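Asker: Protein chains in written order, with the working numbering: chain G, 864 to 942; chain H, 91 to 415.
Hints are computed from structural coordinates only; laboratory data are not their basis.
Accuracy of the hints is not assured; some may be wrong.
To be verified - The calculated lysine to aspartate or glutamate pairs, modelled on EDC-like cross-linking and capped at a C-alpha distance of 16 Å, are:
| no. | chain 1 | residue 1 | chain 2 | residue 2 |
| --- | --- | --- | --- | --- |
| 1 | H | Lys386 | G | Asp905 |
| 2 | G | Lys865 | G | Glu898 |
| 3 | G | Lys868 | G | Glu901 |
| 4 | H | Lys386 | G | Glu898 |
| 5 | G | Lys932 | H | Glu251 |
| 6 | H | Lys386 | G | Asp902 |
| 7 | H | Lys385 | G | Glu921 |
| 8 | G | Lys876 | H | Glu96 |
Note that the structure is a prediction, hence the values are computed from the model and not measured.
Here is how the chains run, residue by residue.
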Amino acid sequence: MKHIKILGTGCPKCKTTIAVVQEVVAENKIEADIEKVEDIMDIMKYNVMSTPAIVVDEKVLFKGRVPSKSDILDILQVG
Amino acid sequence: MFEWIEHLADWIVYDLLQLHSGAHLSEALHFFIYDSIKIMMLLFIVVFLMGIINSYFPIERVRNYLMNHKLYGLEYLVASLFGVVTPFCSCSSVPLFIGFVRGGIPLGVTFSFLITSPLVNEVAIGLFIGLFGLKVTSIYVLSGVLLGTIAGMILHSLQLENLLTTWVKDMLNNTEQQNSSVASEIIPLSQRLPVIWSEAMNILKGVLPYVLIGIAIGGLMHGYIPEGFFEQYMGKDNPLAVPISTILAVPMYSNASGVLPIVQVLVSKGIPLGTAIAFMMGVVGLSLPEGMLLKKVMSLKLIAIYFGVVTCCIIISGYVFNIIF
Chain G
864 MKHIKILGTG
874 CPKCKTTIAV
884 VQEVVAENKI
894 EADIEKVEDI
904 MDIMKYNVMS
914 TPAIVVDEKV
924 LFKGRVPSKS
934 DILDILQVG
Chain H
91 MFEWIEHLAD
101 WIVYDLLQLH
111 SGAHLSEALH
121 FFIYDSIKIM
131 MLLFIVVFLM
141 GIINSYFPIE
151 RVRNYLMNHK
161 LYGLEYLVAS
171 LFGVVTPFCS
181 CSSVPLFIGF
191 VRGGIPLGVT
201 FSFLITSPLV
211 NEVAIGLFIG
221 LFGLKVTSIY
231 VLSGVLLGTI
241 AGMILHSLQL
251 ENLLTTWVKD
261 MLNNTEQQNS
271 SVASEIIPLS
281 QRLPVIWSEA
291 MNILKGVLPY
301 VLIGIAIGGL
311 MHGYIPEGFF
321 EQYMGKDNPL
331 AVPISTILAV
341 PMYSNASGVL
351 PIVQVLVSKG
361 IPLGTAIAFM
371 MGVVGLSLPE
381 GMLLKKVMSL
391 KLIAIYFGVV
401 TCCIIISGYV
411 FNIIF
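With the rest of the complex left out, here is chain G (with noise of 0.2 Å):
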């Protein structure tokens, strides 16, 4: 079981990486919760400067655009 936070204050690019993440989740069966972080103050805490970025476990795994579906199963095996 993998936890998946979305980090974005509810831009576009936001929206579409939370749905390019479920996507990706739903149609390889990946068993994972996916959160969406909108908060400033906490997105802050991963030390992100460009959103949206994608965190896995608690680890920064991606950030500054928004992710094909290939980059998501990437860092979803390595996370």
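Given chain G's structure and the hints, the job is docking chain H onto it.
Answerer: Below, chain H alone, put in the same frame as chain G:
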């Protein structure tokens, strides 16, 4: 370079659709087809090239550079230049602000970056080249960079640290000195290109509807508004034109893509370039939604001072543009 587009537009409007040249409708349609193709082409080239440059300057590296180098006053200019190459997303402005402040980068320098980043970005540059040509574009970029530099220095001299919100002030007092890691250093350019390409395509897809709507409105105005129409109201003789158009523009929120094609038509119908550019800078550089986001890190008073200083700088550069052209 663009003659083939002219021919293509000629062919579609006069041969394929059999419209008569000289009529309002055909003029407007011709303008729309020609401008859309030319601008999307230039936009793609610029966005792609800027993507390559940007891949060498990830934001973490920019921050580390500003944290670790003593620049003796040049840091404002450097931050402003970094603002040009960093793609701007208003939703990233707050995390970025905090990241900079936490790294011990002075507030004024952070402002220089924040001001230039939306003002001079890859989309604005691409559109500017397509609509106004290289000369006006270089002057715009130059004045955008200077504006960020100078406004940052002014904001620094006002010593505004007290006006940050409490939790940000706490951060100021225990800044971290360690550098955040920069992972992208090892990846060779050839492997980054596919990502840059798809990012460029994403940006283009995002702005395409705005650009087309902007050009369509521009096309209509182009065909139907007589030459020199605005001159009587907003010409160079009216000294209030620059401040009024800037102040009208600040609350408006749009990316450069929708505004610029309209601005170009306004200029061709007699509004002085400086007035139009001041309007444009007001729209893209400052916006109410951005102000709302910044409320998390700044007091209202600080936001007001920030907006005020930048607005004044925009008005001044509008006048300067009007004098040059």
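Asker: Give a verdict on every hint.
Answerer: Against the structure, the hints come out as follows:
no.: 1; hint: H/Lys386 x G/Asp905; result: holds (12 Å)
no.: 2; hint: G/Lys865 x G/Glu898; result: holds (11 Å)
no.: 3; hint: G/Lys868 x G/Glu901; result: holds (10 Å)
no.: 4; hint: H/Lys386 x G/Glu898; result: violated (22 Å)
no.: 5; hint: G/Lys932 x H/Glu251; result: violated (42 Å)
no.: 6; hint: H/Lys386 x G/Asp902; result: holds (10 Å)
no.: 7; hint: H/Lys385 x G/Glu921; result: violated (27 Å)
no.: 8; hint: G/Lys876 x H/Glu96; result: violated (36 Å)
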